[in-house]
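Peer 1: Now for the letters of each chain:
Protein chains: 2
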Amino acid sequence: MAQDLGEKIEGSKDELLAELNEFLRMPSISAREDGGAEFRGCAEWVRDKLREAGAEARIMETDGHPVVYAEAGEGERTLLSYGHYDVQPPEPLELWESDPFEPEVRDGELFARGVADDKGDVMARIQALKLYTEEHGPLPFKLKFLIEGEEEVGSPNLAAFARKNKELLSADACLWEGSMKDDAGRPMVFCGTKGMAYVELRARGASHDLHSMYGGIAPNPAWRLVQALRTIKDERGEVTLDGLDALADPPSDKDLEAIERIPFDAEAMKASWGVESFDRELSERDALREMLLRPTANIAGFHSGYGGPGSKTIVPGEAYVKMDFRLVSGQSPGPVLELIRSHLRKRGFEDVEVVDLHGVEAAKTPVDAPVVRTAVEAWRAVGNEEAVVYPTVGGSGPTSLIATELGIPTVMAGSVANIGSRIHSPNESARLADYYEAVRYFAAFFGRFAA
Amino acid sequence: MAQDLGEKIEGSKDELLAELNEFLRMPSISAREDGGAEFRGCAEWVRDKLREAGAEARIMETDGHPVVYAEAGEGERTLLSYGHYDVQPPEPLELWESDPFEPEVRDGELFARGVADDKGDVMARIQALKLYTEEHGPLPFKLKFLIEGEEEVGSPNLAAFARKNKELLSADACLWEGSMKDDAGRPMVFCGTKGMAYVELRARGASHDLHSMYGGIAPNPAWRLVQALRTIKDERGEVTLDGLDALADPPSDKDLEAIERIPFDAEAMKASWGVESFDRELSERDALREMLLRPTANIAGFHSGYGGPGSKTIVPGEAYVKMDFRLVSGQSPGPVLELIRSHLRKRGFEDVEVVDLHGVEAAKTPVDAPVVRTAVEAWRAVGNEEAVVYPTVGGSGPTSLIATELGIPTVMAGSVANIGSRIHSPNESARLADYYEAVRYFAAFFGRFAA
Chain A
-16 MAQDLGEKIE GSKDELLAEL NEFLRMPSIS AREDGGAEFR GCAEWVRDKL
34 REAGAEARIM ETDGHPVVYA EAGEGERTLL SYGHYDVQPP EPLELWESDP
84 FEPEVRDGEL FARGVADDKG DVMARIQALK LYTEEHGPLP FKLKFLIEGE
134 EEVGSPNLAA FARKNKELLS ADACLWEGSM KDDAGRPMVF CGTKGMAYVE
184 LRARGASHDL HSMYGGIAPN PAWRLVQALR TIKDERGEVT LDGLDALADP
234 PSDKDLEAIE RIPFDAEAMK ASWGVESFDR ELSERDALRE MLLRPTANIA
284 GFHSGYGGPG SKTIVPGEAY VKMDFRLVSG QSPGPVLELI RSHLRKRGFE
334 DVEVVDLHGV EAAKTPVDAP VVRTAVEAWR AVGNEEAVVY PTVGGSGPTS
384 LIATELGIPT VMAGSVANIG SRIHSPNESA RLADYYEAVR YFAAFFGRFA
434 A
Chain B
-16 MAQDLGEKIE GSKDELLAEL NEFLRMPSIS AREDGGAEFR GCAEWVRDKL
34 REAGAEARIM ETDGHPVVYA EAGEGERTLL SYGHYDVQPP EPLELWESDP
84 FEPEVRDGEL FARGVADDKG DVMARIQALK LYTEEHGPLP FKLKFLIEGE
134 EEVGSPNLAA FARKNKELLS ADACLWEGSM KDDAGRPMVF CGTKGMAYVE
184 LRARGASHDL HSMYGGIAPN PAWRLVQALR TIKDERGEVT LDGLDALADP
234 PSDKDLEAIE RIPFDAEAMK ASWGVESFDR ELSERDALRE MLLRPTANIA
284 GFHSGYGGPG SKTIVPGEAY VKMDFRLVSG QSPGPVLELI RSHLRKRGFE
334 DVEVVDLHGV EAAKTPVDAP VVRTAVEAWR AVGNEEAVVY PTVGGSGPTS
384 LIATELGIPT VMAGSVANIG SRIHSPNESA RLADYYEAVR YFAAFFGRFA
434 A
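If you read the sequences in order, they're chains A and B.
Using our numbering, the first residue of the first sequence is number -16, and each one after it goes up by one.
Using our numbering, the first residue of the second sequence is number -16, and each one after it goes up by one.
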């Protein structure tokens, strides 16, 4: 059992921070088309840091920005560590209190684009490897780093990369990024993500907008989509898509128990949204279960006809609805897309086009998987509040490429970020104390993983 | 009985056209805020033309652009003639084949902004008065001209003007603008317009767009409006607004007979729209009855959330639906607005705001009113195809200010325009032959009105 690296980290704070700051100064904005040279430089810098930490590291090409891959340690077990070195664009710049690419500490918080998502996390893991190795020698298991450069633009090349490098990425477990601390400071450990089928429903009426004197006789595509949507939820707002529930894997008893233990402040959530009640007046516990265990049929956008000030009297020529169906384990986006199409077809909506915009598999690792236990025990080892285990989260992501497609138990743990870190927003930040703690946490995690 | 002025008009074509062209060269665009001086000049020009035709004419102020008012003739009966000297903006200019304010004749058609709506009509009436008076002396009835300058921006000051000048505008009948010839060249005579209640439905969810991981528990205002709308039409698309039908005046037997006589080319209409069937697969005759006799609940716009390319995963913070309810006689917009509000309230949609954007009364003159007979007989007198009498049209307009509020039987007749005149669009035009015929038509109408 590895010794806690607390003292060593305490004595290296300045160097650790200086190194992180160097990383944060590189504007590796994947959404910018001209980011090529900077990207390459940032990827090479990460590779070099991994080498300094004792790993065998290299750049691997994709059809987009390159992946940094590395291996360290040796042993029977293998841990895959996923992170990303790209960041969101910093705009709107005028809302930043300091330069997004010139890290600044204010009141114990470090402000910079990427500090919470995901450079702090990536750096903390590399530094944990380095300090661990200095203190204890090589890791007693094989640690593989997969650090991509396109997470903030939807990981368009990660699926192809993962399929092509199945062997290289094989592991007993995966430590994913994206965890954080909740509003009471408790570390969150996530064991899954929802899947998603994102579709656009399109209806067409006349070839052009018509004078609304024809409103009683011309096909109205906005009404058409309202009529189609009314078959997808009933009057009470319950999802009524044919066959959707039947696909779902039922939650395990342990999932349900874990959910019961989640501290959930419904009043705070409603207050932050400025609403008085949840959809369908769901109770606090029902809302939590709904968010974690149930698929959704969300309207993300509905656009048709006139939207300017005042009145314009037209029958619109076309209408579009964007919908994301968040899916639970068992509900793959491909079959769900077919359900949507056959559901509408069966009810006479052959004219409503269902465009497949995006599909993501759900990811689900059992809450009692060894890697989840390791994640929780590592939190105890660094003396933090008891971690809260979430069987899944309401969001979706590329986690499924590893957890579902490659079948590797995956956990999101290790919280540089907190709920107020303003991820993707101006003034992104992380608490310095949380950063140093994360280095300790990852070292503790590594120390326990082989056990 | 007045003699047909055919020969006199035939000998004056050049002068008549030159005068019309002078009118068409004035860019009296009411939608332009800086149109003041040009407006005043145009109004004064119209006043002077009326004086040249023997009328007592004057400018009357409103809170917007001025009205031109005139009187001519003397007798027991009084006819009010309504038209407007303002025009729609010409944009997009690049689509015009000739300058919108430099009239040009091509293949027997005169191209200019306003020639079909409504300067050709206004000029033809003034010229008819002048030629009639030259030939027969003063009109044997009192003819009142009401020529406004804000019709193309929704006549915002006409109601106040009409209420203030009730006595001045009193008449036995009113000859409105807005008629045209149908696609087979038959003159159309309209005896009414639909009313309208134009509302915006507004729903709000969270104070800002939320991540759609909350799609199952956050109030979604787009879904909320879909749920509200599903109470306004049933699954078959029939309007189900509480109490709407009960307000409607039933159509008269004569209305129904007139509708049976209307030649209606449903296939041509569907082809021009690029659709294969009407809403609810209405038959040809049902579509015509629906358009002329039934109220509508049209969605003119629905906007909420993301509408750009690809996918964005949000729960929108707000949603808006614009609806125009076209109303038949008896369904006043005020009471209908109350129906909409109580309908939604009764079903638990107190949170959906119903904003009153616009209200117009229906106008209805009996198809057997004397002024309708005069309109039809005048078409026979000029030797044209038999006119087609429409008990009403699907559109709405300020006609109701005269027909409903002042109770003056009103007919829309005298067709400078035809169905291909591109009213409000680039390359607005009227056939020159139709223009000269309109002068003859109005002279024939005047000759018969006193009889």
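Because the hints were derived from the structure by calculation, they are not lab data.
Keep in mind that a hint or two might mislead.
Derived contacts from chain A toward chain B, CB cut-off under 7 angstroms, selection only [stated by the list, open to error]:
| hint | residue |
| --- | --- |
| 1 | ALA189 |
| 2 | SER190 |
| 3 | ALA205 |
| 4 | GLY257 |
| 5 | PHE285 |
Straight-line Cα separation of at most 27 angstroms, BS3-like style, residue types lysine-lysine; simulated pairs [what the hints assert, rightly or not]:
| hint | chain 1 | residue 1 | chain 2 | residue 2 |
| --- | --- | --- | --- | --- |
| 6 | B | LYS295 | B | LYS329 |
| 7 | A | LYS295 | A | LYS329 |
| 8 | B | LYS329 | B | LYS216 |
| 9 | A | LYS295 | B | LYS125 |
| 10 | B | LYS216 | A | LYS329 |
| 11 | A | LYS216 | B | LYS295 |
| 12 | A | LYS295 | B | LYS253 |
| 13 | A | LYS216 | B | LYS216 |
| 14 | B | LYS329 | A | LYS216 |
| 15 | A | LYS149 | A | LYS(-9) |
| 16 | A | LYS147 | A | LYS127 |
| 17 | A | LYS(-9) | A | LYS125 |
| 18 | A | LYS125 | A | LYS149 |
| 19 | B | LYS127 | B | LYS147 |
| 20 | A | LYS253 | B | LYS295 |
Remember, predicted model here, so these are calculated numbers, not experimental data.
Beta carbons: idealized from backbone N, C-alpha and C, even for Gly.
Peer 1: None of the hints should be skipped; say for each whether it holds.
Peer 2: Cross-check of the supplied hints:
1. ALA189: 4 angstroms, holds
2. SER190: For A/SER190, the interface hint holds, since the closest Cβ of chain B sits about 4 angstroms away, which is under 7 angstroms.
3. ALA205: Nearest chain B Cβ about 4 angstroms off; hint holds.
4. GLY257: 4 angstroms, holds
5. PHE285: For A/PHE285, the interface hint holds, since the closest Cβ of chain B sits about 5 angstroms away, which is under 7 angstroms.
6. B/LYS295 to B/LYS329: Between B/LYS295 and B/LYS329 the Cα gap is close to 35 angstroms, so the pair fails against 27 angstroms, i.e. violated.
7. A/LYS295 to A/LYS329: 35 angstroms, violated
8. B/LYS329 to B/LYS216: Holds, at roughly 16 angstroms.
9. A/LYS295 to B/LYS125: 38 angstroms, violated
10. B/LYS216 to A/LYS329: Holds, because 21 angstroms separates the two Cα atoms, which is no more than 27 angstroms.
11. A/LYS216 to B/LYS295: 21 angstroms, holds
12. A/LYS295 to B/LYS253: OK: A/LYS295 and B/LYS253 at ~22 angstroms, within 27 angstroms.
13. A/LYS216 to B/LYS216: Judged against 27 angstroms, a Cα distance of about 16 angstroms means the pair holds.
14. B/LYS329 to A/LYS216: With Cα atoms ~21 angstroms apart, B/LYS329 and A/LYS216 stay inside 27 angstroms; holds.
15. A/LYS149 to A/LYS(-9): Violated, at roughly 36 angstroms.
16. A/LYS147 to A/LYS127: 16 angstroms, holds
17. A/LYS(-9) to A/LYS125: 23 angstroms, holds
18. A/LYS125 to A/LYS149: 16 angstroms, holds
19. B/LYS127 to B/LYS147: 16 angstroms, holds
20. A/LYS253 to B/LYS295: This hinted pair holds, its Cα atoms lying about 22 angstroms apart.
Comparing the model with each earlier hint shows violations of hints 6, 7, 9 and 15; every other hint is respected.
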